[in-house]
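These protein sequence lines map, in sequence, to chains C and X.
Following our numbering, the numbering of the first sequence begins with 17 at its first residue and continues without gaps.
Following our numbering, the numbering of the second sequence begins with 3 at its first residue and continues without gaps.
Hints in this document: simulated from the structure, not taken from any laboratory.
One thing to keep in mind: the hints can contain errors.
Here are the simulated SDA-like pairs of lysine to any residue, each with C-alpha atoms no more than 25 Å apart in a straight line [said to hold, decoys possible]:
1. Lys166(X) / Pro198(C)
2. Lys166(X) / Val61(X)
3. Lys166(X) / Gln187(C)
4. Lys166(X) / Arg87(X)
5. Lys166(X) / Trp188(C)
Residues per chain are reported as follows:
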Amino acid sequence: MTDLPVLRRVGPLAGFRAPLALPALPLAAALFFVASLAWAQTRSAPVGESAAAAVLRWAPLIFGGFLFNVLVSVLSMAVGTALGFALGLLLIAPTRLPRGVGWALTQFFRNAPWLVLLFYAMFLLPFELHLGGLEIPLPSWAKAVLGLSLPVAANFAEIVRGALQSIPEPQWSAARGLAFGPLQTIRLVILPQAVRRMLPPWMNLYAILTMATTLISVVGIQDGLTITRAAIASDARPELMLPLYLFLLLLFFVYCYPIARATLALERRFQVRG
Amino acid sequence: MAHELGAPVVVLREVVKRFGDYPVLSGISLTVRRGETVCIIGPSGSGKSTLLRCINGLVPVTSGSITVAGREVNDAALDPIALRRDVGIVFQQYNLFPHRTALQNVMMAPIHVLRQNRAEVETRARELLAKVHLTEKADTYPGELSGGQQQRVAIARALAMSPKVMLFDEVTAALDPETKKEVLVTVQELAAEGITCILVTHEMGFARRVADHIYFTDGGVIVEHGPPAQLLEAPREARTREFLDKVL
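With the hints as constraints, model all of the structure from the sequences given.
Printed below as a string of structure tokens:
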């Protein structure tokens, strides 16, 4: 036997335990939430709606806003992944010009603050796109998706470059020796091996993006954070700030924590052989 | 091995290759005819592997001329893919694709490069695996095969393109003595079938059995060449004698 990794098609994740069944961290979070409710109750007027009832009243709206964050994150990730993959291919181009263009774009968008890119996308993109005779309206959520996808693309491009280059040179030589063209080599030989290495950092990037989607509340889009702030303002009960923000935090936590666990499980899995 | 030798298939004229200022090949000329088996021997670092990789254009040459089946390799307008359809290469480290089974490794290039019919390719791939004595390993992944088995799959994979020339780059150097033999037997069978083969090897006994002609290289030049019996037993050059004394 050799030390070659055995790369079968990936089946269901062995050794990946359902993350919500893991007690310690979610339990601590729940306890913290209950404590914040109790604290808010001590600050509330003795008569009138309890803190718990107020949080419960706002919860569905905040949850709806949070789902919008998730939608934006999924769309931004899709656009960012597609753009980032193309950019990653530019980064390993054999000729200097495309490589330079790819490098400049990647460095620019990787080292720019996400919020500033978001502002740029919101205020520089028009309300409508004119393609031939066609007028495509560009709502603000679509502009936000584009704005967030730019730093995602730049970060993913580096992940793609690193993963493609991590496949040993002899694999490229072998493919070239069999008369595969450059794109065939990547698609048939390199990418299937590199995807395993891209997946964990890609998921990590997605979790970061999901949390960064709350930036869109700054540019006036009704997301989970906007709704939470509106709720606190409209009740004029500052003590609700603690449990309401914590509720929003927990929604993100419950969504992103399993992704982090799965990322770790995948990393461990791919480390075992190869 | 005695064959009816045909027209020249691979012709090198004054091939020079430098990596930066470092000369690897300093004017190599050789001719390989159809059906011929040629071995290239020489000390490590004498540019033997580079020479092979120049023939299928994996390494561009600095100057000189290489023609393969009438096609000039040292030409900016060369279509490297068309060239490599005619030239199969087998590497020292096998370089199988670890995410594909043995059979799939053999089938990939004919399907994706030659665009041949999948069912026909599979039939032929199974025949090739039978030829390298690996019928029962068709659905096994490379990581589960021994080095010798992987190397034989790599040979079948190169043969699947029906190349006009096969290049073997120290194909047994990474193998233990037992598995070495199974690969050498396979190569010997191919040579006996009349497939044009160029081998870089350190196996002198094997070179003697299989080669029609042996080239001895040192320092980026061909020091001498000749039929195995003459070159191995009555070398004319002192450097050849010195080398053979060390390895035999």
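Against the structure, the hints come out as follows:
Taking the CA atoms of Lys166(X) and Pro198(C), the gap is about 23 Å. The hint holds against a cut of 25 Å. Between Lys166(X) and Val61(X), the direct Cα distance comes to roughly 19 Å. Compliance with the 25 Å bound is thereby established for this hinted pair. Only pairs whose Cα atoms come within 25 Å are accepted, and Lys166(X) paired with Gln187(C) is accepted, the gap being roughly 23 Å. Between Lys166(X) and Arg87(X), the direct Cα distance comes to roughly 8 Å. Compliance with the 25 Å bound is thereby established for this hinted pair.
Only pairs whose Cα atoms come within 25 Å are accepted, and Lys166(X) paired with Trp188(C) is accepted, the gap being roughly 22 Å.
No hint from the list above goes unmet by this structure.
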